[in-house]
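Q: One letter stands for each residue in the lines below.
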Amino acid sequence: MSHDHSLNPETMPHEPEKATLEGKNKFIGFWFFLGGETVLFASLFGTYLALHNSTAGGPAGNELFGLELVFVMTILLLTSSLTSVYAIYHMKNNDFGKMTLWFIITIILGFGFVGCELYEFHHYITEYGFTFRSSAFGSAFYALLGFHGGHVTFGLFWMIALLIRNARRGLNLYNAPKFYIWSLYWHFIDVVWVFIFTVVYLMGKVG
Amino acid sequence: MSIAATQKRGFGAVLWDYVTTVDHKKIAHLYLFAGGLFFLIGGLEAMLIRIQLAKPDNDFLSAGLYNEVITMHGTTMIFLAAMPLIFALMNAVLPLQIGARDVAFPYLNSLGFWLFMFGGILLNCSWFLGGAPDAGWTAYAPLSTTSPGHGVDFYVMGLQIAGAGTLIGGINFLVTVVNMRAPGMTYMRMPLFTWASFIASVLILFAFPALTVGLFLLMFDRMFGTAFFDVSLGGNTIIWEHIFWIFGHPEVYILILPLFGVFSDVFSTFAKKRLFGYTAMVFATMLIAFLGFMVWAHHMFTVGLGPVANSIFSIATMAIAVPTGIKIFNWLATLWGGNITINSAMLWALAFIPTFTIGGMTGVMVASVAADYQYHDSYFVVAHFHYVIVGGTIFGIFSALHYWWPKMFGRILREGLGKLTFWTFFIGFHLTFFIQHFLGLMGMPRRYWVFHSGDGLDLGNLISTIGAFFMAFGVIVFIINAILTARDAKAPADPWDGRTLEWATASPPAHYNFKQTPLVRGLDPLWIEKSEGKGKMTPAEPLGEIHMPNSSFLPFLFSLGLFVAGFGFIYQTDNKAWLAVLIGGMAFSLGTMVVRSMKDDLGYHISKEELEREAD
Amino acid sequence: MTENTGSNKIDSFHKKKNKEEMQKQLISFALMIVFTILAFVVVATGMMDKMLVIPVLLVLAIVQVAFQFYYFMHMKHEGHEMASAMIYGGIWAAILAVAGLSTIVWW
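Chains as they are written, first to last, in the working numbering: chain R, 1 to 207; chain Y, 208 to 823; chain P, 824 to 930.
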C-alpha cells in the first residue's frame, strides 16, 4: 500500500515481507492456506493408511521400496529447504543478487527431487507393473505421492516465474512478500515429505 | 456507486462493471443474485419432490428423475444457495462492521465468486446433457462410482470448482478480520456477526480441503480407473463416507454459525440492548466450531464402526448442545426487559428460536446411537435437518436481508409484504416439516420416490405438500417485495437506530466505505457515540488519499478456463479427443495466472480533493 | 534499482541478529540431517523391534517438522500468533482425520 514501491538501502525495513499492508495480508493469508493444506494432506495420508495393505495380489510396499533412492530424495529436498532459508537471509539483508543465486540453487535441487521421483515411478511401472490402477494400494500411493510431487513441480514453476519477472528490477516492497511466501510454501512441502518418507517408505519397509 | 447512478448507465457498462468488479459490496450483490437464483432452482426441485409425494403411488416423476431431483435439491441448496447467500452477507457487511475499506484480497474475492458461479453452472448443465447426478447429495460410493452416464461426473467437477472458490473466500475473510480492523476495533469489540463469520471461515479452511480430496478420489475412480472405492481391487467405500463427513459435518456449522451472528446483531439492535453475555457468546461459538470437527461419524452410526467409536461420537455430539444452549439462553436474556421493536427482521429472528430449538432437540435424539438405528434414513432425519437448516440458516438469511437490505441496496423492504412473506413461509415451513417427524417414526424411508396407499402415510404427506406451497408463496412475495422497493425513496444511513459500524456509513456506502477510518471506543461503537450525544464516529485519521484496488477481468477468465476444462475431464472418458479441451482449458487458466503475476497491480488512489467534493 | 544489490546500509544490529538466526538455522539443519540418517539407519539395519521402531520414527519426524516450522519458517518469532493458531488448528483436524481413517474403517 505504500505509494512508492521501490526500495533503496536507506529505506529498507527490517522485515520487508511485512512492511506493507498488502505484504502482511499475503503473509498471514498464506499461513492460513498452509493450515488448510495440512488437512488436505492429512486426508490423503488417512486414505493411504486405510489402503496400504490392499495390494489385491500385486506388489506390497516392502517389496517395492528401495531406501537408497528415497534417502537421496530426502537429502535433496531437505537441503533445498536450507538453501531457501539462505535466500531469505539475503533478502533480509537486501542482497538481491545472492538471494537470486540461492533460489536458483533451491530450484535445481527441487528439479533433482522431481527427476528422482519420476524415475522411481517409472521403475515401479515398468519393473513391477505397479500403477495407480493395479490396486487400491497403488491408487492411494500415487495419489499421495502425486499430490506432493505436483506441489513441488508447481512450486518450481512458481519460483521460475518470480525470478524471471523480477530479474531486472531487484528487491522491493511489492515483491519481497512474494519471495517470502514462496519460501514458506517450500518449507511446507518439506514438512509433508518428512511424513511421506516416514509413514510411506520407512514404516512401509518395516511392514 | 449507488443504484441510482448505475441505472443511468447502459446495460453493457453495468454488466462489465459487475464482471470485473473487486468491490466487496458489488461482489455481495453478485453472490446474492447468483445464490438467489440457485435458491429458486433448488426450491423448484423441492416443489417437484413434494408434488410427487402428494399422493400415494404417484407417477408425476419417474423413479430415475426423482433420484436426480433429490440429489440436485440437496446439492444445490447446500453448495449453491446457502453458501453463496451467506457469502453475500459476509461481503456486504463484514468489512463495514470492522471499519475496513475493503477485504484483504479484493482480487481473490472476485475469483472466489466466479469459481463458485462457474462451478454452479457446470453442475446444472447436467440437466441438459444426459441427466443430473442421481446418487444423493452425499454421493456415497459405490452408488456414485457405478452410477451410469455423466451425472455424477458433473457433481464432482462442479463441486470441485465451486469448492475452490469457497476456500478462497474463507481465507479472504480470515485475513480481513485479522489485519483490516479499524483502530480500536479489538477482537473482543467485534460484532457477533463478524465473530461468527470469522469462526465459520476457520471451519471452511479446515473442512473444504477434505472435500477437495474426497472429490479427487471420486473423480479418479470414475474418470481414470483408480481403485479407491473399488472393492474388487482392495478399495474401501467407507473412506468416502469418512472424508465426506469430515468435510460435511463442519459444513453444517459453516451454514449455521454466521446466522447465529446475524440473530445476535438483530436481537440487540431491536431490543435496544447490549447483547447479553457477549463473551460467553464468542466462546460458545468457538466451542461449537471445535466440537464440530469431532462428531462427523454420527452420520455413520449404522455403518458398523463398533460400539466404542459410536459411543465416543455420540457423546461428543451431545456435548454440542451445551454451547448451543448457552446461545439460546443469551438471546432470550438479551430480549428480556428490552425495548423491543417487532418488524420483519425481528420476526424471523424470534421465529428462529423455537424452530431451531426443536431441530436441536431432535438432533440430540438422533445423536443417541441406539435410537438412531430407528431414525436413520427415515423422514425423522429429513425433518431434523430441515428444522436446523431452514429454521436456522434460511430464517437467518431472511432476517439478515430485511435488516441489511438498506445497507446493500439503499432501500428499505416494505414491512407489509415482509410480514406476509414471514407468516406464509413460517406457517408453511412447520406444516411441511413438523409432520415429517411422525412420518419418519411411522416408517417412511428417506429418498423413496413413492409410498403406497395402504401405508397410512397419505394424510401426512398431503399436509406436507400443502405446506410447501405456502413456503413457495412466501418466497415469491419476497421477490416481489425486492422488485417493488427498488422504486422507493432512498433509505437513511441508519434506519434501525443501529449499534454497529455499518450504520455509520451511507446506505449504500461509497465505494471506499469510510471517508475517514473510524475510531472505535468499545463494543457497539456507534451506540457509544450516540449515547454520549455525538451521534457519529470520531475519525481515526485526517482526511487523506485513499488507496483502491483495480478492477480485473482475469478472475472471470480464470474460472471460465476451469469450467471448459471441467467438460474436458467429464467427456474424455468417452472420447480421448476431449483431452484437448481439458488441456486447453487448464492452459488458459494457467495463462491468466501468469498474466496476473507478470503485471503488477498497484491499484489507484482517490485524491483528497475528490473526497472533499463528494458530499457526506 | 540494480544498485540495490550488495548494500551494507542495513543497520548492523539487525544484520547481526540475522546472522545469529542463520546460525541457529544451520544447527537445526544439521540436527534434521542427523535425525533423517538415524531414521533410515534404524530401518535399514532392522536393529529395533517393530513395535518400538514405529513410535521412534514418528517422534523423529515430529521433531524435524517442529524444526521446520519454528526455525526455518520462523514460527517462534513475534507476529506469528495467528499463523500458529491456524497451523495447530490444521494439525488438530489432521490428527482427527488420520485417526478416523486409519482406525474406524472396515478392513
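Keep in mind that the hints were calculated from the coordinates and are not lab data.
Take these hints with a grain of salt, some might be off.
[Stated by the list, open to error] Dumping the calculated DSS-like pairs for lysine-lysine here, alpha-carbon to alpha-carbon at most 25 Å: (1) R:Lys98 <-> P:Lys847; (2) R:Lys178 <-> P:Lys840; (3) R:Lys178 <-> P:Lys873; (4) R:Lys178 <-> P:Lys842; (5) R:Lys205 <-> P:Lys873; (6) Y:Lys806 <-> R:Lys178; (7) P:Lys840 <-> R:Lys18; (8) R:Lys205 <-> P:Lys838; (9) P:Lys847 <-> R:Lys18; (10) Y:Lys722 <-> Y:Lys697; (11) R:Lys18 <-> P:Lys838; (12) R:Lys98 <-> P:Lys873; (13) P:Lys873 <-> R:Lys18; (14) R:Lys178 <-> P:Lys899; (15) R:Lys98 <-> P:Lys840; (16) P:Lys842 <-> R:Lys18.
Q: A separate judgement is required for each hint: does it hold in the structure or not?
A: Hint check results:
1. Between Lys98 of chain R and Lys847 of chain P, the direct Cα distance comes to roughly 20 Å. Compliance with the 25 Å bound is thereby established for this hinted pair.
2. Taking the CA atoms of Lys178 of chain R and Lys840 of chain P, the gap is about 23 Å. The hint holds against a cut of 25 Å.
3. As the CA atoms of Lys178 of chain R and Lys873 of chain P are separated by approximately 44 Å, the hinted pair breaks the 25 Å bound.
4. Restraint check for Lys178 of chain R and Lys842 of chain P: satisfied, since their Cα atoms lie roughly 22 Å apart, inside the 25 Å limit.
5. For a cut-off of 25 Å, the pair hint linking Lys205 of chain R to Lys873 of chain P stands: about 11 Å separates their Cα positions.
6. For a cut-off of 25 Å, the pair hint linking Lys806 of chain Y to Lys178 of chain R stands: about 14 Å separates their Cα positions.
7. About 17 Å separates the Cα atoms of Lys840 of chain P and Lys18 of chain R, which keeps this hinted pair within 25 Å; it holds.
8. Restraint check: the Cα-Cα separation between Lys205 of chain R and Lys838 of chain P comes to about 46 Å, which exceeds 25 Å; the hinted pair is violated.
9. For a cut-off of 25 Å, the pair hint linking Lys847 of chain P to Lys18 of chain R stands: about 22 Å separates their Cα positions.
10. A hinted pair counts as satisfied when its Cα atoms are at most 25 Å apart, and Lys722 of chain Y with Lys697 of chain Y qualifies at roughly 20 Å.
11. A C-alpha spacing of about 17 Å is found between Lys18 of chain R and Lys838 of chain P, which places the hinted pair at or below 25 Å, so the restraint holds.
12. This hinted pair does not check out: Lys98 of chain R and Lys873 of chain P have alpha carbons roughly 46 Å apart, beyond 25 Å.
13. Taken as a hint, the Lys873 of chain P and Lys18 of chain R pair is broken in the structure, with Cα atoms around 47 Å apart against an allowance of 25 Å.
14. Between Lys178 of chain R and Lys899 of chain P, the direct Cα distance comes to roughly 21 Å. Compliance with the 25 Å bound is thereby established for this hinted pair.
15. The hinted pair formed by Lys98 of chain R and Lys840 of chain P meets the criterion: a straight-line CA distance of about 18 Å does not exceed 25 Å.
16. With a C-alpha separation of about 20 Å, the suggested pair Lys842 of chain P and Lys18 of chain R falls inside the 25 Å cut-off, and the hint holds.
Comparing the model with each earlier hint shows violations of hints 3, 8, 12 and 13; every other hint is respected.
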